[in-house]
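Make the full structure from the sequences, and use the hints.
Protein sequence lines correspond, in order, to chains A and B.
According to the working numbering, the residues represented by the first sequence are 91 to 487, in order.
According to the working numbering, the residues represented by the second sequence are 91 to 487, in order.
Since the hints were derived computationally from the structure, they do not count as laboratory data.
Do not rely on the hints blindly, as some may be mistaken.
Since the list gives no way to pick out one identical chain from another, each pair is judged satisfied if it fits inside one copy or across any two copies.
Here are the computed lysine-lysine pairs in the DSSO-like style, where the Cα-Cα straight-line distance is at most 27 Å [claimed, not checked]:
id : residue 1 : residue 2
1  : 291       : 97
2  : 398       : 315
3  : 254       : 438
4  : 405       : 468
5  : 405       : 175
6  : 478       : 398
Spelled out, the chains give:
2 protein chains.
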Amino acid sequence: MINEFYKARLSGKSVIRELSEYATARGQEIGYENVFDYSLGNPSVPCPQNYTEAVIRLHQQENPMALHGYSPSLGNTAVRETVAKHLERRFGLPYRTEHIFMTSGAAGAIAHAVRLVTKPGDKVLGFAPFFPEYRPYINDSGAQLSIVPADFSNFQINMEAFEKELTPDTQAVLINSPNNPSGVVYSEETIREMANLLYKKQEEFGHDIFLISDEPYREIIFDGKTAPYPAAYYDNTITCYSFSKSMSLPGERIGYLAVCPRATDAEILAVICGQISRGIGHNCPSSTPQLAMAACIDETSDISVYEKNRNILYKEMTAMGFSIVKPGGTFYILPKALEADSVAFCQKAKKYDLILVPADGFGCPGYFRMAYCIDTEKVERSIPVLRKFVESEYGQR
Amino acid sequence: MINEFYKARLSGKSVIRELSEYATARGQEIGYENVFDYSLGNPSVPCPQNYTEAVIRLHQQENPMALHGYSPSLGNTAVRETVAKHLERRFGLPYRTEHIFMTSGAAGAIAHAVRLVTKPGDKVLGFAPFFPEYRPYINDSGAQLSIVPADFSNFQINMEAFEKELTPDTQAVLINSPNNPSGVVYSEETIREMANLLYKKQEEFGHDIFLISDEPYREIIFDGKTAPYPAAYYDNTITCYSFSKSMSLPGERIGYLAVCPRATDAEILAVICGQISRGIGHNCPSSTPQLAMAACIDETSDISVYEKNRNILYKEMTAMGFSIVKPGGTFYILPKALEADSVAFCQKAKKYDLILVPADGFGCPGYFRMAYCIDTEKVERSIPVLRKFVESEYGQR
Numbered sequence: 091m092i093n094e095f096y097k098a099r100l101s102g103k104s105v106i107r108e109l110s111e112y113a114t115a116r117g118q119e120i121g122y123e124n125v126f127d128y129s130l131g132n133p134s135v136p137c138p139q140n141y142t143e144a145v146i147r148l149h150q151q152e153n154p155m156a157l158h159g160y161s162p163s164l165g166n167t168a169v170r171e172t173v174a175k176h177l178e179r180r181f182g183l184p185y186r187t188e189h190i191f192m193t194s195g196a197a198g199a200i201a202h203a204v205r206l207v208t209k210p211g212d213k214v215l216g217f218a219p220f221f222p223e224y225r226p227y228i229n230d231s232g233a234q235l236s237i238v239p240a241d242f243s244n245f246q247i248n249m250e251a252f253e254k255e256l257t258p259d260t261q262a263v264l265i266n267s268p269n270n271p272s273g274v275v276y277s278e279e280t281i282r283e284m285a286n287l288l289y290k291k292q293e294e295f296g297h298d299i300f301l302i303s304d305e306p307y308r309e310i311i312f313d314g315k316t317a318p319y320p321a322a323y324y325d326n327t328i329t330c331y332s333f334s335k336s337m338s339l340p341g342e343r344i345g346y347l348a349v350c351p352r353a354t355d356a357e358i359l360a361v362i363c364g365q366i367s368r369g370i371g372h373n374c375p376s377s378t379p380q381l382a383m384a385a386c387i388d389e390t391s392d393i394s395v396y397e398k399n400r401n402i403l404y405k406e407m408t409a410m411g412f413s414i415v416k417p418g419g420t421f422y423i424l425p426k427a428l429e430a431d432s433v434a435f436c437q438k439a440k441k442y443d444l445i446l447v448p449a450d451g452f453g454c455p456g457y458f459r460m461a462y463c464i465d466t467e468k469v470e471r472s473i474p475v476l477r478k479f480v481e482s483e484y485g486q487r
Numbered sequence: 091m092i093n094e095f096y097k098a099r100l101s102g103k104s105v106i107r108e109l110s111e112y113a114t115a116r117g118q119e120i121g122y123e124n125v126f127d128y129s130l131g132n133p134s135v136p137c138p139q140n141y142t143e144a145v146i147r148l149h150q151q152e153n154p155m156a157l158h159g160y161s162p163s164l165g166n167t168a169v170r171e172t173v174a175k176h177l178e179r180r181f182g183l184p185y186r187t188e189h190i191f192m193t194s195g196a197a198g199a200i201a202h203a204v205r206l207v208t209k210p211g212d213k214v215l216g217f218a219p220f221f222p223e224y225r226p227y228i229n230d231s232g233a234q235l236s237i238v239p240a241d242f243s244n245f246q247i248n249m250e251a252f253e254k255e256l257t258p259d260t261q262a263v264l265i266n267s268p269n270n271p272s273g274v275v276y277s278e279e280t281i282r283e284m285a286n287l288l289y290k291k292q293e294e295f296g297h298d299i300f301l302i303s304d305e306p307y308r309e310i311i312f313d314g315k316t317a318p319y320p321a322a323y324y325d326n327t328i329t330c331y332s333f334s335k336s337m338s339l340p341g342e343r344i345g346y347l348a349v350c351p352r353a354t355d356a357e358i359l360a361v362i363c364g365q366i367s368r369g370i371g372h373n374c375p376s377s378t379p380q381l382a383m384a385a386c387i388d389e390t391s392d393i394s395v396y397e398k399n400r401n402i403l404y405k406e407m408t409a410m411g412f413s414i415v416k417p418g419g420t421f422y423i424l425p426k427a428l429e430a431d432s433v434a435f436c437q438k439a440k441k442y443d444l445i446l447v448p449a450d451g452f453g454c455p456g457y458f459r460m461a462y463c464i465d466t467e468k469v470e471r472s473i474p475v476l477r478k479f480v481e482s483e484y485g486q487r
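This is the structure:
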């Protein structure tokens with residue numbers, strides 16, 4: 091019989107998808123260039139040219155049986171080695187092939203990580219604001235996601251609330267920095283303080299607490315900075331990475347899970363992931379994206395456009411009276427709405443063809459998310475429209 | 091803490107993988123051309139040239155943002171439509187886009203199908219001989235796989251045993267024809283008899299019983315025949331397909347799940363699969379293999395080599411005294427070993443550099459599998475070696 095648990099979900103609507111579909115439909119009426127669609131996190135710059143060239147070269151030159159044959163279940167061995175060396179080069183940790191498990195994007199990495207370090211019934215702590223898909227990612231594995239409320243002053247970790255929620259049944263902690271939806275990058279101080287608390291609690295509880303670090307936006311950092319790398323501060327870290335954002339390849343589903351070389355049982359965790367795969371139908375990401383990505387692993391798309399867009403939106407919207415924590419990376423910004431009900435706020439914005447996403451589902455009611463992975467020209471054109479919206483609906487500010 | 095359930099699996103060894111690794115190691119000693127490696131089901135003929143050309147064309151001509159952007163979670167809509175039309179053309183059933191869900195190969199399709207039509211604790215019936223990975227595919231979802239013993243006379247369905255096992259708690263039945271490991275194709279009579287029994291039991295039990303039909307070998311059929319298509323005989327059929335074998339693309343992980351248009355709630359089942367994906371980290375197969383496959387969906391690799399190999403092995407091994415049910419398709423054959431202990435039999439064969447897989451794990455102790463997706467020249471060279479093995483170890487026959 092049909093599984094009623096999954097069937098029941100059909101009645102739940104995804105706010106982001108609905109808004110995105112509305113934007114597309116509205117675009118067909120008035121021209122998509124006239125819809126200021128800030129709904130979706132789909133990269134707006136092309137992938138590295140070397141990725142494209144690698145795919146073409148592989149298909150022109152390689153033996154098709156070797157190119158398209160079964161990949162080992164942990165991923166192509168040479169690709170895993172390339173990823174390990176890349177991480178060692180970048181972060182100074184002794185990553186080896188054995189620590190890397192290739193996945194279908196960060197979603198695939200998280201699906202394995204949660205099953206790796208929890209069993210059904212275990213508690214996983216996450217932090218607001220958070221990507222809403224974390225709920226099914228974690229809860230469908232049988233573990234239970236519990237959310238630590240946001241520190242609205244800066245969207246760093248609310249340490250007091252974290253310590254209170256960090257109970258002995260907590261087996262894993264899930265972070266996402268640079269963050270979707272706030273764009274905020276956890277400071278070194280935040281990461282250190284979190285790591286210290288986790289070390290303290292591991293000792294107190296007498297069991298490992300794993301940190302699942304979801305880092306698809308790691309390379310999209312502004313102001314010439316780099317984001318502190320959590321695994322360098324906390325040994326029991328499972329890093330979940332995706333090339334969807336940094337290389338603009340979300341459709342190709344390519345990412346990895348990296349076990350910190352200093353984690354408990356570090357040498358067998360990726361191998362266990364291969365066992366988890368057997369039951370969830372994963373069986374390795376596609377060969378071609380693995381190989382083509384590895385051919386240009388140190389590159390990213392030209393992500394400077396996102397910083398340009400952030401600068402415009404932060405400056406102009408702050409001037410309009412919005413309260414905003416300045417994003418340090420990603421292509422998201424999370425301003426406070428101009429009324430308590432952010433759903434009503436975003437509904438009103440639609441009248442001006444401004445597509446904004448209420449952040450209630452992200453654990454931040456009263457806020458809204460803008461995904462500014464769109465052309466800068468369109469961001470610029472949206473400013474007077476935003477201003478008109480604010481003035482007409484909420485008066486002179 | 092590390093999940094002990096998955097960790098415990100590391101001590102279990104895959105017989106096939108061990109033998110394949112042995113073959114590779116032995117090949118390094120004496121030259122791989124001298125190892126008669128019948129262990130692995132990795133296709134030995136290249137993918138269609140049109141697949142390769144489609145990948146190159148897409149990367150040369152398409153806008154990278156469109157090509158590599160997020161695909162809808164059910165799969166690229168145009169690709170789903172192409173698959174639906176292909177199935178309608180082939181089998182005369184009114185498939186539409188809404189019935190198709192794109193997956194990462196058949197493994198991905200089965201992972202969704204079992205979660206779609208069972209809940210944890212439900213019974214799923216399968217039939218010996220069977221692909222050993224069905225155990226984790228089914229059991230890790232929470233359902234329980236129960237195996238109906240083989241009919242050793244012909245490797246069709248053992249109907250008497252099937253009816254006995256078909257209890258009211260059975261929510262799904264899993265078949266695989268053409269079959270791995272026997273190479274046998276279920277006859278129209280078998281499919282009809284099975285369908286009639288399922289219809290009868292659905293009425294008796296008062297609930298749907300879904301048929302999960304795993305068909306990666308559907309196109310690899312010998313003697314100019316075609317395999318009867320189960321969904322044409324039984325309405326509640328979920329077809330799981332992969333292009334791994336027919337197009338020689340196992341590394342690209344491309345397949346689909348097709349809901350029979352006459353199934354209960356046919357119009358929502360693929361949509362529910364999109365909900366299942368959220369929890370198992372699937373989120374759509376890679377875009378490029380979807381699009382390139384769709385560009386040549388009616389083609390297959392040149393699979394005539396498999397029939398040639400079947401002919402040689404069946405004729406020569408029967409003459410050597412092996413008892414064999416003649417394969418009607420795939421690239422597998424399942425002879426009876428020449429002693430009761432097929433593990434010992436295959437162990438002895440290794441001395442002759444013949445890599446044969448004992449079929450105990452496939453639910454057929456006393457039998458062994460040969461995967462003859464290798465060059466015909468090598469099959470021919472293996473015959474005198476097989477003969478020598480048989481004569482030396484088991485005497486003149």
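Review point. When no copy is specified for residue 291 and residue 97, does a C-alpha distance of 27 Å or less occur within a copy, between copies, both, or neither?
Key: between (39 Å within a copy, 24 Å between copies)
**Study point:** Homomeric proximity label, residue 254 with residue 438: Cα distance no greater than 27 Å
**Key:** neither (38 Å within a copy, 63 Å between copies)
Check your understanding: Is it within, between, both, or neither for residue 405 and residue 468, if the alpha carbons may be no more than 27 Å apart?
Key -> within (16 Å within a copy, 71 Å between copies)
Practice item. Please work out whether the CA atoms of residue 398 and residue 315 approach to 27 Å or closer within one copy, between two copies, in both situations, or in neither? Key: Classified as within; 15 Å inside a copy, 62 Å across copies.
Review point. Between residue 405 and residue 175, at a C-alpha cutoff of 27 Å, which is it: within one copy, between copies, both, or neither?
Key: Classified as neither; 39 Å inside a copy, 52 Å across copies.
Check your understanding: Given a CA cutoff of 27 Å, do residue 478 and residue 398 count as a within-copy pair, a between-copy pair, both, or neither?
Key -> So residue 478 and residue 398 pass the 27 Å test inside one copy only (22 Å; across, 74 Å).
Hint compliance for this structure: hints 3, 5 are not met, and every other hint is.
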